[in-house]
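Protein chains: 2
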Amino acid sequence: MKNVRSIKTSTRVCAIIGNPVKHSLSPAIHNAAFAELDLDFVYVAFRVEDVKHALAGMRALENFRGMSVTIPHKMEAMKHVDAIEDVDRRIGSINTIINDNGKLLGLGTDGPGALKALKDAGVEISGKNVLMLGAGGAARAVAFTLASNGGPAVIEILDINETILQELTADLTPSTQAVIKSNKMTDNALAKAMAAADIVIHCTPIGMHPKEGISLVPVELFRPGQVIFDIVYTPLETKLLADARSKGLQVISGVEMFINQAVLQFERFTGVDAPVEVMRKVVMEQLKP
Amino acid sequence: MKNVRSIKTSTRVCAIIGNPVKHSLSPAIHNAAFAELDLDFVYVAFRVEDVKHALAGMRALENFRGMSVTIPHKMEAMKHVDAIEDVDRRIGSINTIINDNGKLLGLGTDGPGALKALKDAGVEISGKNVLMLGAGGAARAVAFTLASNGGPAVIEILDINETILQELTADLTPSTQAVIKSNKMTDNALAKAMAAADIVIHCTPIGMHPKEGISLVPVELFRPGQVIFDIVYTPLETKLLADARSKGLQVISGVEMFINQAVLQFERFTGVDAPVEVMRKVVMEQLKP
Chain Z
154 MKNVRSIKTS TRVCAIIGNP VKHSLSPAIH NAAFAELDLD FVYVAFRVED VKHALAGMRA
214 LENFRGMSVT IPHKMEAMKH VDAIEDVDRR IGSINTIIND NGKLLGLGTD GPGALKALKD
274 AGVEISGKNV LMLGAGGAAR AVAFTLASNG GPAVIEILDI NETILQELTA DLTPSTQAVI
334 KSNKMTDNAL AKAMAAADIV IHCTPIGMHP KEGISLVPVE LFRPGQVIFD IVYTPLETKL
394 LADARSKGLQ VISGVEMFIN QAVLQFERFT GVDAPVEVMR KVVMEQLKP
Chain E
154 MKNVRSIKTS TRVCAIIGNP VKHSLSPAIH NAAFAELDLD FVYVAFRVED VKHALAGMRA
214 LENFRGMSVT IPHKMEAMKH VDAIEDVDRR IGSINTIIND NGKLLGLGTD GPGALKALKD
274 AGVEISGKNV LMLGAGGAAR AVAFTLASNG GPAVIEILDI NETILQELTA DLTPSTQAVI
334 KSNKMTDNAL AKAMAAADIV IHCTPIGMHP KEGISLVPVE LFRPGQVIFD IVYTPLETKL
394 LADARSKGLQ VISGVEMFIN QAVLQFERFT GVDAPVEVMR KVVMEQLKP
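Each protein sequence line maps, in turn, to chains Z and E. Quick note on numbering: the working numbering labels position 109 of the first sequence as 262, and the sequence is numbered without any gaps. Quick note on numbering: the working numbering labels position 73 of the second sequence as 226, and the sequence is numbered without any gaps.
Bound-form chain Z, shown alone (with noise of 0.2 Å):
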């Protein structure tokens, strides 16, 4: 068992950055990881306003191995590392960063995430017609990857604010193959594309933690075979999912994608495979009513 007596100089650290974080998940949950494979990591947290002198310390910092970066850091980040992956440059935001001594990597794993968890399920991305409830940051990086990834046939995208809709919808239109359709949020438009959609992925805050119990999707708009994803994972099983779950259908809580997105990250900071039980145990534990 990793003791901090045991840690020594070369010792590695990882850390998430975001203001706040204090409430976060990742120490617990890469130390644990850490600890089960006996890795000679570490990880903690800081709060931080001064994204660009946090990096630069990084840079400056050998060992400082990768940093997880979540709100509001995650757009801010991408000015301030040395290299970009492409997806990520479109996407606009990134939530991980490796320090290859001392050059810094910026990517994001939010979206391989989301496209991991589908995948995990036994969810069958190609050819079919997604819809996506919201087009904010979440969206975006969920969008990209199974635009560049998933194939899917159509990706539709609803969203109450025309502005951010129609800037993922130009976006995302010359990086993929599907068809990109979007249309303002009514209860027309939901109506419609719900008739059409094989696989439902809702990323509005609607639901979330302590707005529980109010669901963007009317119960009777649901049909046999749809595939719910919700990328909200407090509570566990929203509103959404749990509506959809009474229909019988296949249900995804956005738990699957934020244990991903952590897998994810421990992978690129340490080279090995992630020890996914222990680190969905202690999200469980975290997360538990």
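Check each hint, because a few of them may be wrong.
FRET-style restraints, in silico, Cβ to Cβ [as the list claims (entries may be wrong)]:
(1) E:K256 / Z:E320: 38 to 44 Å
(2) Z:E229 / E:P358: 45 to 51 Å
(3) E:E315 / Z:E229: 52 to 58 Å
(4) E:S163 / Z:D426: 28 to 34 Å
(5) Z:E420 / E:A323: 57 to 63 Å
(6) Z:G275 / E:H176: 49 to 55 Å
(7) E:P225 / Z:N254: 15 to 21 Å
(8) Z:G366 / E:D253: 43 to 49 Å
(9) Z:E238 / E:K441: 45 to 51 Å
(10) Z:K441 / E:E420: 36 to 42 Å
Hints listed in this document are in silico derivations from the structure and should not be mistaken for laboratory results. The beta carbon of each residue, even a glycine, is placed where N, CA and C say it ideally should be.
Here the structure of chain Z is known, so what remains is to put chain E in place on it, guided by the hints.
Just chain E now, kept in the frame of chain Z:
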């Protein structure tokens, strides 16, 4: 027993920076002390070349509470902190940085560590004749601290390098009521100085591993009642100390200064009394032949 699994978002980080740092004992010493007192702290090591940005990072990373600064950065680090204690500005180097809500305070614990080693050994400094062998960075820290706090009647300094000798003498003279004498290190000057000294503090690398078995001071120069303090701590007992001990003199090993500089850092990092015996035990385990 504290475990990396127990690291939380509130855990405060301390680190040593230097180049190299891989042989540093500081992570072992401080983590053992944190664990002993069950403090929510962790201590890591960062090799650093770019001190400016390492400190900019420390400032930006809330929870990065304390830093130990070692060779070759003890002077450079002064340029990049927000405040320096007066005595340390005169000494011209720091070994400790405290991050107080984004404001970096630089200070030195080498000199105070030496003073504490003398006091802990029951040595009376007030009114005494102190002979310093060597005028380099460590000698400066010790000389300024004794001059400011110990009340010696005379501090005589010998060095083969007349430039640093004159600098230290010029800097020290206006800071103290003690009489400051300095002379180029020669056989004759050493013999005269040893004839007058009550306390001898050796601050050169002579006798340090791997060049053990040599001493600046011929055995015949020791006089009954003298206290001999060697700031070298590898080996734990240098030839200088072994010779002095064979003549029945009180001797103090540099390891006491090394432990005390860490003790004083720990107390600045945490605000609580250090578990000195735990820290001593770690140092002794690491240094035992």
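Results for each hint:
no., hint, verdict
1, E:K256 / Z:E320: 38 to 44 Å, "40 Å, holds"
2, Z:E229 / E:P358: 45 to 51 Å, "47 Å, holds"
3, E:E315 / Z:E229: 52 to 58 Å, "54 Å, holds"
4, E:S163 / Z:D426: 28 to 34 Å, "30 Å, holds"
5, Z:E420 / E:A323: 57 to 63 Å, "59 Å, holds"
6, Z:G275 / E:H176: 49 to 55 Å, "52 Å, holds"
7, E:P225 / Z:N254: 15 to 21 Å, "20 Å, holds"
8, Z:G366 / E:D253: 43 to 49 Å, "44 Å, holds"
9, Z:E238 / E:K441: 45 to 51 Å, "49 Å, holds"
10, Z:K441 / E:E420: 36 to 42 Å, "40 Å, holds"
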